[in-house]
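*Asks:* Mind assembling these two chains? They're in different frames, but the hints should get you there.
What follows is each chain in one-letter form.
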Amino acid sequence: MTPLEITKVDRQRYRLSGELDMATAPKLEEAMDPVARVNRGLVLELEDVTFIDSYGLRALVQLSTRLNGSGPLVLAKVPDAVQRVLDIVGMQTLPGIQVRDDG
Amino acid sequence: MAEETTAKVIALGERLRQHRTERGLSQAQAARELDVARTAYRLWELEAAKPSPDRWRLIARWLGVSISTMLLGEDLIDEQDAAAADLIAGASRAGDETWDDISAATTGDFFQQERSAIASQTRTGKITSAESGRLTASLDHMLETIQTRAAVPAPGVFRKELVADDSAPEIARTALVVTAAGIDEGIVERAELLTSELVTNSVERSEGGTLLLAITLHPHLLRVDVADASTAPQKARDQRAQWSLAITSELASRWGAGREAELNVGWFELDIPLDA
Chain A
279 MTPLEITKVD RQRYRLSGEL DMATAPKLEE AMDPVARVNR GLVLELEDVT
329 FIDSYGLRAL VQLSTRLNGS GPLVLAKVPD AVQRVLDIVG MQTLPGIQVR
379 DDG
Chain B
82 MAEETTAKVI ALGERLRQHR TERGLSQAQA ARELDVARTA YRLWELEAAK
132 PSPDRWRLIA RWLGVSISTM LLGEDLIDEQ DAAAADLIAG ASRAGDETWD
182 DISAATTGDF FQQERSAIAS QTRTGKITSA ESGRLTASLD HMLETIQTRA
232 AVPAPGVFRK ELVADDSAPE IARTALVVTA AGIDEGIVER AELLTSELVT
282 NSVERSEGGT LLLAITLHPH LLRVDVADAS TAPQKARDQR AQWSLAITSE
332 LASRWGAGRE AELNVGWFEL DIPLDA
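Which chain is which? The protein sequence lines are A and B, in order. Using this note's numbering, the first residue of the first sequence is number 279, and each one after it goes up by one. Using this note's numbering, the first residue of the second sequence is number 82, and each one after it goes up by one.
Pulled out of the complex, with its shape left as it was, chain B reads as follows (with noise of 0.2 Å):
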């Protein structure tokens, strides 16, 4: 699939994006064709979580791309080796193997298949060593380049004023999820319910107004505040907030509400265990 070595490179997020639109998928059938959680996906559109080299080729297949334009577009190499990748994988086509379709659709590590495939394609004289040492120094810098990356330590906070209208729980867990990228799934989505409870009682008290949401991401505990300087005399707890209260209780690790320094105070606190 050598078809768009000279294609503009586009952002994996973008191009996902573009692809899932056209194609007219929400971004929960986007995520199963791909076999991924909804909330990876999410990540991947915002640029805010790369996907692991595990699953590059069911997402460039997907993607109806070669794996090099993809490649290309995550900044992992640059022209020349997408440009060398791509002669082999024509080269190659009329053979047995050819590059960019070995275990397509499936996942596994990538480096590993990538590696087999140079040798074996050297083995049979498809490519010379010297392309066979040039593909190889790419994959190691690749490798070099997700390596770093992943050893970024995950950004701690987020702090924000937001309107108190509708669109707040949306903005806030939309938040919530890119500041927690990359801890346990079954978290994140606890923590999003969460977030979206104490931004919504947080709107019906002071509609209008601005509230203030905070979110910090400890290496072991994930803490959302939000506050509001509401003095609107309390409402009387309707089904709604009791239903919040419910799921809060259930859901949080701790949590609390109440007032300080003149402000309506929300907050929970999510432990995020060793292994997750």
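So here's chain A without its partners, still in its complex pose (with noise of 0.2 Å):
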């Protein structure tokens, strides 16, 4: 099993590596959740991030709108497998996401 790891890059910007799924969802609320209130905008890279599935999409947009339209989430260096997923369900379409390939 690969467990979600979440490190801290600076005070917007976070790296997430491991799978993202129904178990390890509740890692991403209770890490993230706090810090989403306090800021304007979020930065997560997905580089590491092995797995998503559609309850990995929905942490994901739960904590976009955390975020309450003060910024977006963006997600960054988001890998092939992943970017699969998030084109299948148009996640670059929602309000408050936006998705990056770069950096």
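These are computed hints drawn from the structure, not numbers from a lab. Do not take every clue at face value.
[Stated by the list, open to error] Under the rule of at most 35 Å between Cα atoms (straight-line distance), these lysine-lysine pairs were calculated in the DSBU-like manner:
hint, chain 1, residue 1, chain 2, residue 2
1, A, K355, B, K131
2, B, K207, B, K131
3, A, K355, A, K286
4, A, K305, A, K355
5, B, K131, B, K241
6, A, K305, A, K286
7, B, K207, A, K305
8, A, K305, B, K131
[As the list claims (entries may be wrong)] Examples of chain B residues toward chain A, derived with CB under 8 Å:
hint, residue
9, V284
10, S287
11, W324
[Said to hold, decoys possible] Which residues of chain A face chain B? A few of them, derived with a C-beta cut under 8 Å, are:
hint, residue
12, G296
13, E297
14, E308
15, Y333
16, Q340
17, L364
18, I366
Positions of the beta carbon are idealized from the N, C-alpha and C atoms, including for glycine.
*Replies:* Below, the structure is given as structure tokens:
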């Protein structure tokens, strides 16, 4: 099992690694909700995310709503396997979420 | 690199896992360093698949052990063969070619490289023709063992009752990866996601109960069935469930969901192309 790990890069930027699903989504919520509440915008680097499903996607969308419109939730360094899932559900069309593959 | 001829024999999967965790790497990072797909690496650690011979040198180098030590852990050579190979590696170290260092960090046909090394060392008198014969016989035996292993048909069926809790999707994905070992990486990746969706839906329906998982691998078809006996009234389809449906209909060759014999059943099939 590859648990989710969350590493702080700076005040508004965090790196996720591992799998984001039903088992690990609560960890994301617990760690990131307090951060989202006090920030205008948040960047999550997904380079080392090796798996995401619909439950993981929902966790990201819920996190974006914690920002309360104060800024976007940016998904950065998105690996191909994750990008394919984001594309299927049209994640980039959701308000409050930006998908970038650079950085 | 004859450093470990007396070292404890450790299976490759365990050795990989130990080395990776000691270095604080994720499976994805280790796979990247070894230039293989993550699923393949994961299977090596689970001992559900073996790396092909063209990866052996790179893996041994990565682990920091001699290739003989690694093959000993793989049951591909015996202690005597390993000692012979390491002795010769030590003997030839002063020369221009070192047994274990020939193309040490490159991939390529291991057997061809070994044979030409044996030939060249025999020619230059670094090893005797008796030693050369012994090593060649050892190589032939290794090759035969691998071919026998490869000829074993893929195990076809996995059936298990799982507790319907938040760990079930991950358990089901691991079972899928192991059962589908050896088929095309892209198909396994799609199947992992589809399996996760089926199981997540089932857990949301029947939280705390049990669910039945069946994975069936046919020669050209992979099928996964998930069933639970929940009688909870159907909840309104939320956004996640809509995404789940979108993912399933996009990726599965065929899929279905419904009630059969008092069970909620969801299933998908993925075609495995002939050349995959």
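*Asks:* Return the numbers of the hints above that this structure violates; sort them in rising order.
*Replies:* 7, 10, 14, 16, 17
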